[in-house]
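Those protein sequences? They're chains B, H and W, same order as listed.
Per the numbering used here, numbering of the first sequence is gapless, rising by one per residue and ending at 428.
Per the numbering used here, numbering of the second sequence is gapless, rising by one per residue and ending at 210.
Per the numbering used here, numbering of the third sequence is gapless, rising by one per residue and ending at 210.
FYI, nobody ran anything at the bench for these hints, they're computed from the structure.
For glycine and all other residues, C-beta sits at the position ideal for the given N, C-alpha and C.
It is possible that part of the hints are untrue.
What the hints assert, rightly or not - 25 Å max Cα-Cα, derived DSS-like pairs, lysine-lysine:
| no. | chain 1 | residue 1 | chain 2 | residue 2 |
| --- | --- | --- | --- | --- |
| 1 | B | Lys402 | W | Lys51 |
| 2 | B | Lys402 | B | Lys72 |
| 3 | B | Lys269 | W | Lys153 |
| 4 | B | Lys348 | B | Lys333 |
What the hints assert, rightly or not - One side only, chain W facing chain B, incomplete, derived with CB under 10 Å:
| no. | residue |
| --- | --- |
| 5 | Arg26 |
| 6 | Tyr69 |
| 7 | Leu85 |
| 8 | Gly114 |
| 9 | Glu121 |
| 10 | Met125 |
| 11 | Ile139 |
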Amino acid sequence: MSTRTLEMALSTPAFDSHGNPSLVPLGAAARRDVGFDEEFGAEHLLVNIGPQHPATHGVLRLVLELEGETVKRCIPHVGYLHTGFEKLGEYRHYNQIIPLTDRTDYLAPMANNVGLALAVEKLMGIEITERCRVLRVIACEMSRIISHLVWLGTTGIDLGAFTPFLWAFQERERIYNLQEAWTGARLTPSVTRVGGMMADIPEGWEAGLREFCRTFPATLTEVDTMFTRNGIWIGRTQGVGVMTREEAINYSLSGPMLRASGVDYDVRKDRPYLGYEEYDFDVPVGEHGDIYDRYLVRMEEMRQSTRILEQALDRLAPGPINVSDPRVILPPKSRAMSDMEAMIFHFKQVMEGIKPPVGEAYFGIENPKGELGYYMVSDGTSKPVRWRIRPPAFINLSALPKMCEGELLADVIAINASVDIVMGEVDR
Amino acid sequence: MGLVNPAAGGARDGSSVVSIESQNFVTTRLDFLANWARSNSLWPMPFGTACCAIEYMATAASRFDIARFGMERQSFSPRQADVLICAGRVPFKLAPVIRRIWDQMPQPKWCISMGACASTGNVFDNYTIVQGIDTLMPVDVYVPGCPPRPEGLIYGIQLLQKKIRGESLSDPMLREEQQVGPDGLYLPARKVDELSEPFGNSVHQTRSSW
Amino acid sequence: MVSPAVAAPSATAAALRAQFASGVERVVVSCGDTIVYVTRESSHDILAWLKDTPGQEFDYLTDVTAVEYRDPELPLEVVYQLRSLGRREDLRIKIALDRNGPLEVRSVWDLWRGADWLEREVYDMFGITFHGHPDLRRILMWETYAEGHPLRKDFPLRGHFSRAEQTRQALAANPEAHYSLEELSIAQAFGELPRDMQERLARGERGYLK
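Sequences and hints are given; from them, build the entire structure.
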């Protein structure tokens with residue numbers, strides 16, 4: 001058995017702040033304090049998962065240092081989907097950034113659109129109309145449901161249960177029909193504009209959403225029957241991948257990951273926006289911080305989202321969806337064609353884009369993955385100086401090494417699934 | 001692998017194109033049988049990266065169901081796959097990965113570039129996104145859209161099936177492996193630059209502000 | 001329309017001024033958010049004070065990022081978004097760095113683990129080094145990325161190199177050691193590896209690393 005210490009750089013080089021390559025020690029063979037029977041050897045195995053792998057939920061690369069089946073260290077490598085959104089945003093008008101936000105977290109696109117519009121409106125000090133506010137709540141909660149459904153389906157597949165994936169995607173198709181009827185696109189709706197919405201909901205849309213809210217809880221109950229008291233599910237998820245309360249806060253986790261660890265932080269309740277303080281809903285908070293609690297939190301969140309949707313539909317009253325501020329919203333075509341001032345506003349907005357005052361604003365919303373924040377810095381021109389996306393999935397994923405230490409290899413897949421990542425947002 | 005594009009330089013070693021042997025009844029029947037078998041049992045290698053991957057998953061789910069086109073088994077191992085469906089944007093960091101996956105696939109293999117990002121780079125004409133995976137590997141079918149509707153992807157798959165049905169077993173150019181050359185590129189450098197050039201409106205995007 | 005400059009800074013800003021007279025440069029309110037500019041030398045002490053002092057308890061690090069302005073006179077800023085979960089309060093701390101000076105600050109990894117990847121990303125995108133970070137290397141681009149730091153304003157949108165060169169470098173940033181983990185995993189086989197591979201692995205050499 002080799003007792004030579006083999007220190008090698010892992011994957012591609014790491015530099016510490018002095019410019020020296022920071023090496024990753026490999027091989028317990030050299031460490032006599034491990035407490036192993038030396039005859040059998042304590043060789044560690046490096047296993048590479050990804051970046052192309054069905055269970056990594058996108059292009060994520062995990063390098064695991066395994067001792068038998070136990071994970072000694074997990075090193076995630078991200079950046080395989082880095083698209084340069086933040087750089088690209090500096091070359092786009094504020095309204096042109098909205099289609100880009102669809103593509104960061106593509107599982108909950110409408111919520112991203114809403115977040116960006118709210119951030120720019122905070123920067124400009126714009127108050128949106130009541131109808132717009134309710135429509136945006138509807139958009140956010142629909143996004144929450146479809147995002148959690150993807151999480152549910154793919155987590156089921158990772159743990160071996162294929163059928164709920166098909167049920168989840170069938171439900172998603174119903175939401176996709178509604179999204180398509182509203183905006184024209186299933187997956188990249190770009191539904192908001194700064195100061196308003198892209199379009200109002202068409203006739204008959206409300207009835208469609210009400211029908212969905214009526215029948216969706218039955219599907220959730222079906223999935224609940226399959227999973228919640230299932231011995232295999234419980235065995236694979238309870239006590240696995242635990243993050244304690246203090247760890248969760250220190251690692252800046254957000255969303256269901258944070259709440260499953262017992263921290264009652266939901267941006268909709270703590271820093272309400274879009275009138276969420278007027279809606280009657282509960283925020284599920286877990287206790288143990290394991291995968292099972294995250295599962296329960298997300299399942300309950302879907303039920304609560306249905307509740308919010310019904311209240312929002314009741315609250316929806318006729319009215320304008322856009323503010324009547326000609327500096328951000330295009331004037332009606334008839335006026336733009338006849339009135340000189342309106343024509344100038346139209347021209348300026350289309351050719352130059354909207355121009356917020358010099359300043360900066362951070363706006364965080366409760367995305368299905370966690371706290372999605374948009375930090376916009378403006379220098380008075382029509383393109384932002386800095387568009388920063390505070391990515392909940394990226395920060396939640398950074399806790400993966402902590403959660404995987406000491407777990408088994410199969411648990412790594414389950415833990416990775418429970419983090420609910422979307423690589424578009426992790427890598428931006 | 002798809003048909004060699006003569007404009008891209010054809011056979012890399014510069015040899016002249018070999019003509020297909022004269023067709024007779026037996027070879028055409030054999031071709032028909034082989035192509036029928038291949039086109040109706042394409043096992044996809046879903047190289048899903050971004051939003052198109054979600055539409056791909058929707059296509060594979062119950063409502064649209066590509067299993068009825070023979071794509072019952074999603075092969076996540078390239079060794080057992082027939083068609084690489086690149087669904088989503090490919091950054092430069094991922095380029096060696098997709099190239100490696102392509103090289104690992106055995107012949108006969110085809111490539112569907114799903115979505116605008118895989119076809120041309122889409123709106124992401126910046127420092128990090130490959131401007132079309134055809135700069136990295138030969139592509140048979142391009143499916144436009146951002147993301148393409150599942151019906152669009154199915155149409156693309158059907159186009160590929162039609163293309164396969166037109167192939168011939170005796171054509172040596174079809175199954176030739178087009179590897180990354182000694183200069184480290186799949187296509188000549190000026191061809192990569194030409195394919196990646198912005199055109200139309202996108203030439204204006206580098207203006208930082210008014 | 002609400003004028004953004006009307007709101008008064010939060011009580012924390014006053015407390016900081018009282019506690020760290022020399023460390024706090026100025027306090028600004030933008031769109032209702034309190035922003036405190038601190039000096040580079042005192043940043044770690046101030047952030048630790050904010051985290052640990054009863055009555056402040058900024059236990060949650062929302063975000064770490066950096067901003068570079070188009071105006072070359074303005075400095076580079078490192079931005080910390082903090083939140084006190086218990087007191088439901090937000091705060092933004094900024095460190096202004098002279099563009100021509102050393103782009104270095106002290107890491108807050110020891111205070112908040114959430115800063116781990118966030119600081120790595122700032123290093124990757126802006127080139128700002130964080131002293132005390134255990135593993136400061138590129139996270140979104142590949143580690144031997146040679147074009148620079150993408151979010152800097154002197155970095156063009158499409159990058160410095162031509163597309164062909166970017167493709168070539170991307171495909172080459174994948175030397176065997178990057179993927180041949182089987183050699184790395186078998187410590188006993190080290191002696192059987194070819195000599196140059198042994199030297200390369202022992203040096204930790206990868207690709208363009210000099």
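Checked hints:
1. Restraint check for B/Lys402 and W/Lys51: the C-alpha separation of about 22 Å stays at or below 25 Å, so the hint holds.
2. Taken as a hint, the B/Lys402 and B/Lys72 pair is honoured in the structure, with Cα atoms around 10 Å apart against an allowance of 25 Å.
3. Restraint check for B/Lys269 and W/Lys153: not satisfied, since their Cα atoms lie roughly 38 Å apart, outside the 25 Å limit.
4. For a cut-off of 25 Å, the pair hint linking B/Lys348 to B/Lys333 stands: about 14 Å separates their Cα positions.
5. The interface hint given for W/Arg26 is broken, as the beta carbon of that residue sits about 15 Å from the closest beta carbon of chain B, more than 10 Å.
6. The interface hint given for W/Tyr69 is met, as the beta carbon of that residue sits about 6 Å from the closest beta carbon of chain B, less than 10 Å.
7. Contact between W/Leu85 and chain B, as hinted, is supported at the beta carbon level, the nearest pair being about 5 Å apart and thus within 10 Å.
8. A cut of 10 Å between beta carbons decides the hint on W/Gly114: the least distance to chain B is about 3 Å, and the hint holds.
9. Interface hint at W/Glu121: satisfied, since its Cβ lies 8 Å from the closest Cβ of chain B, which is below the 10 Å cut-off.
10. The interface hint given for W/Met125 is met, as the beta carbon of that residue sits about 8 Å from the closest beta carbon of chain B, less than 10 Å.
11. At about 6 Å, the closest approach between the beta carbon of W/Ile139 and any beta carbon in chain B falls short of 10 Å, and the interface hint on this residue holds.
In terms of the numbered hints stated before, the structure departs from hints 3, 5, listed from lowest to highest.
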